[in-house]
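J.: Chains as they are written, first to last, in numbering that gives the first Met the number 0: chain A, 0 to 233; chain B, 0 to 287.
The hints are simulated quantities; they were obtained by calculation from the structure and are not laboratory data.
Think of the CB as a built atom: it goes at the ideal place given N, C-alpha and C, for glycine as much as any other residue.
Some hints could be false.
As the list claims (entries may be wrong) - Beyond 10 Å from chain A on every Cβ pair, some chain B residues (computed): (1) 23; (2) 85; (3) 200; (4) 216; (5) 217; (6) 218; (7) 238; (8) 239; (9) 246; (10) 254; (11) 259; (12) 268; (13) 270; (14) 278.
Said to hold, decoys possible - Below are the EDC-like pairs computed for lysine to aspartate or glutamate, each with C-alpha atoms no more than 20 Å apart in a straight line: (15) 92/B with 79/B; (16) 197/B with 49/A; (17) 182/A with 46/A; (18) 197/B with 119/A; (19) 92/B with 161/B; (20) 188/A with 18/A; (21) 114/B with 198/B; (22) 197/B with 18/A; (23) 182/A with 193/A.
To be verified - What follows is a set of in silico ranges between Cβ atoms, one per label pair, in the way DEER data are often shown: (24) 228/B with 192/A: 49 to 55 Å; (25) 63/B with 189/A: 26 to 32 Å; (26) 185/A with 278/B: 55 to 61 Å; (27) 284/B with 192/A: 42 to 48 Å; (28) 274/B with 39/A: 33 to 39 Å; (29) 111/A with 62/B: 26 to 32 Å; (30) 100/A with 62/B: 40 to 46 Å; (31) 98/B with 43/A: 57 to 63 Å; (32) 41/B with 185/A: 27 to 33 Å; (33) 59/B with 184/A: 29 to 35 Å; (34) 62/B with 185/A: 48 to 54 Å.
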Amino acid sequence: MTGNRSVLDSRLALMQLSDSFFPSGSFTLSHGLESLAHSGQIQSPQDFQDFLHILLYQKVGSSDLVALLHAYQASQSAALDEIRQADLSLFAQTLIQPVREAQGKSGRALLMVARSTWPDRQLDWLADQISVGQCHGLHPVVFAVVGRAAGLEPSDILLAYLHSFVTGLCGAAIRLGVLGHLKAQLVLKAIAPELETVIAQATDLTLEDMWTCTPLIDIAQMGHQHLPQRQFMT
Amino acid sequence: MVIVNDRNLITTRPQLELQIGCDRNFQSFISHQYAAYPFRLSRCFRLDTDRPQRAYLYLMNASPGLLAQDRIETTIKLNDFTQLYLTDQAALKVHSMPASGTSAQVVQHIQIGKKACLEYVPEPIILYADAEFNQRSRLTLHPTGQLFWSEIILPGRLARQEWYQFRHYRSRLQVVHSDGTPLFTDAMFLAGQTNPFKDRPLFSALPAIANLITVLPETDLTPLTDLLSSHSPSVQRLQAEHSRLPNCNGLLIRAIADSASTLKAYIHFVLNQIRQLTQQALLPEVPK
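The following block holds chain A by itself, in its conformation from the complex (with noise of 0.2 Å):
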């Protein structure tokens, strides 16, 4: 009974984290969506999927992906400071200020959230790094430990990570113009069997090996602020 209760709790945990009902901020967050639909670049729901496609493969699973699994693994060992090295070192790799900005905001209003509904001390911790400057609590890596404290599993909290991406993404689209309801829910659908291949490939890296190369995306996402008007963050 304690057993399926532990169960349920961690599949609730899950669901609860990876909605987009669960306040961190991150549906204000379009990835250069936003600029790519406002100069044409993207129109369609094939652009789109292009450019989730591009995301995940290219940035995502090769850094994000990469500190949040390291941070994971040193959350579970109690190794505080690996988890800030995670944090120091996917910051340094962050090069493009706006989503630096935006990894660092939405990361601490899920710490926030997260310390009133999984009181843990390393969430304490973290948030008191966060406090002295000694981390800057970027997204991936307070996802981290919050899993860890929601008693996630390695595979769940990955699923979860990218879950709430994909969908944050294909929410952004709708907003924007680019796609329906009914083809989003078929994007989402059909991205799934390649989540595992992301979480292979982010599994296969250390800290050292993560990269990105999205040239286009990059330049869409620096080139945001100038938009006249906005609807995202990024």
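On the provided structure of chain A, position chain B as indicated by the hints.
T.: Frame of chain A; chain B shown alone:
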């Protein structure tokens, strides 16, 4: 460190060692050099007419380019108060490496001293079919040192319609403070033949890629960012944007273009804006 190059020559020295010093008039000069095959170094040119303190140097490569198993190492040190503009004579051709598992590697160690300034403007890297190239650069920057760094990557011999036929290009540029504190890392992995996005407009509509980095301590970057934002090239030929770098007073500029020549003109434009901002002579013609 043991180095094995394409002649299977085992050596304990980098193929290039270069140290720049400055005299009592703050004129930069080569204070130490050692160049082994494939490198040769030009003499020191003074191309600035107004204040000829800066040394202009060409790195000359006697080989046809990089071949399988090549491992090239360079060490460059700019002493305090020195100024160096470093370029090369021709594009770096990374040749075909038909045997799988073979690659070429370049390792660069660069130190920039107090109030020293490095402008590194190499010719493009051309990735031939079946080429595999790994490049690692570590820059150690004094808190008052200035840097302008550029690279152009061409995913094949574009004029011959050779397009993403290389195996991969991997680059890791790590910049650290002189006390060893990491500042930022620009790490890129560009897959060639196996790249699922090579024919996607969102990835490769403009095939030539450039990364520009500048670090200008004690300089207000706002005039530069304003200028770069107001510069509006034809989006059919060039797209470029900039962002502030983490942990330092610097900018990253990413640019993609239809050709290397468009990117070279843009790099020239950016470097001139930086020189103007820092009250230096405009870039002279650098003959090649």
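J.: A separate judgement is required for each hint: does it hold in the structure or not?
T.: To see whether the hints hold, each was checked on the structure:
Look at residue 23/B: its CB is around 38 Å from the nearest CB on chain A, clear of 10 Å, so calling it non-interface holds up. The claim that residue 85/B is not at the interface with chain A holds, since no C-beta of that chain comes within 10 Å of its own (minimum 23 Å). A beta-carbon of chain A comes within 10 Å of the beta-carbon of residue 200/B; the shortest separation is about 7 Å. Interface exclusion of residue 216/B from chain A stands, the closest Cβ pair being 17 Å apart, more than 10 Å.
For residue 217/B, the requirement that its beta carbon stay farther than 10 Å from each beta carbon of chain A is met, with the minimum near 20 Å. With a minimum CB-CB distance of about 17 Å to chain A, residue 218/B clears the 10 Å threshold, and the non-interface call stands. At roughly 5 Å, the least C-beta separation between residue 238/B and chain A is not larger than 10 Å, which violates its mark as non-interface. Distance to chain A contradicts residue 239/B as a non-interface residue, since its nearest Cβ pair spans about 7 Å, not more than 10 Å.
Not every beta carbon of chain A lies more than 10 Å from that of residue 246/B, the smallest distance being close to 6 Å; the non-interface claim is violated. Some Cβ of chain A comes within 10 Å of the Cβ of residue 254/B; the nearest lies about 8 Å off, and the non-interface call is violated. Chain A leaves residue 259/B outside its interface by the beta-carbon criterion, the shortest separation being 15 Å against a cut-off of 10 Å. Non-interface call for residue 268/B relative to chain A: holds, since the shortest CB-CB distance, roughly 16 Å, exceeds 10 Å.
Against the 10 Å criterion, residue 270/B stays outside the reach of chain A, whose nearest CB is about 19 Å from its own CB. Every CB of chain A is more than 10 Å from the CB of residue 278/B (nearest about 26 Å), matching its label as outside the interface. A hinted pair counts as satisfied when its Cα atoms are at most 20 Å apart, and residue 92/B with residue 79/B does not qualify at roughly 33 Å. A threshold of 20 Å between alpha carbons decides the hint, and for residue 197/B with residue 49/A the separation of about 11 Å falls inside it, so the pair holds.
Taken as a hint, the residue 182/A and residue 46/A pair is honoured in the structure, with Cα atoms around 13 Å apart against an allowance of 20 Å. At most 20 Å may separate the alpha-carbon atoms for a hinted pair to count; residue 197/B and residue 119/A exceed this at roughly 45 Å. Using a Cα cut-off of 20 Å, the hinted pair residue 92/B and residue 161/B holds, with the two alpha carbons roughly 13 Å apart. A threshold of 20 Å between alpha carbons decides the hint, and for residue 188/A with residue 18/A the separation of about 16 Å falls inside it, so the pair holds.
Our distance criterion of 20 Å between C-alpha atoms is broken by residue 114/B and residue 198/B, whose separation comes to about 45 Å. Restraint check for residue 197/B and residue 18/A: the C-alpha separation of about 34 Å exceeds 20 Å, so the hint is violated. Annotation: proposed proximity of residue 182/A to residue 193/A holds, straight-line Cα distance about 18 Å (limit 20 Å). Residue 228/B and residue 192/A have their C-beta atoms about 41 Å apart, which leaves the hinted 49 to 55 Å range violated.
Separation of residue 63/B from residue 189/A is about 46 Å and departs from the stated range, judged on CB atoms against 26 to 32 Å. Remark: the range hint 55 to 61 Å for residue 185/A to residue 278/B is upheld by a beta-carbon distance near 58 Å. Distance hint for residue 284/B and residue 192/A: a CB-CB separation of about 56 Å, inconsistent with the stated range 42 to 48 Å. The beta-carbon spacing between residue 274/B and residue 39/A, approximately 35 Å, falls within the hinted interval of 33 to 39 Å.
Between residue 111/A and residue 62/B the CB atoms are about 58 Å apart, so this pair departs from the stated range of 26 to 32 Å. Range check, residue 100/A to residue 62/B: about 45 Å between beta-carbon atoms, so the 40 to 46 Å window is met. Restraint check, residue 98/B to residue 43/A: a C-beta distance of roughly 42 Å breaks the suggested window 57 to 63 Å. Between residue 41/B and residue 185/A the C-beta distance comes to about 60 Å, which lies outside the given range of 27 to 33 Å.
Taking 29 to 35 Å as the suggested C-beta distance range, the pair residue 59/B and residue 184/A does not conform, at roughly 60 Å. A beta carbon spacing of about 53 Å between residue 62/B and residue 185/A agrees with the range 48 to 54 Å that was offered as a hint.
In the structure shown, a violation is registered for the earlier hints numbered 3, 7, 8, 9, 10, 15, 18, 21, 22, 24, 25, 27, 29, 31, 32, 33, in ascending order.
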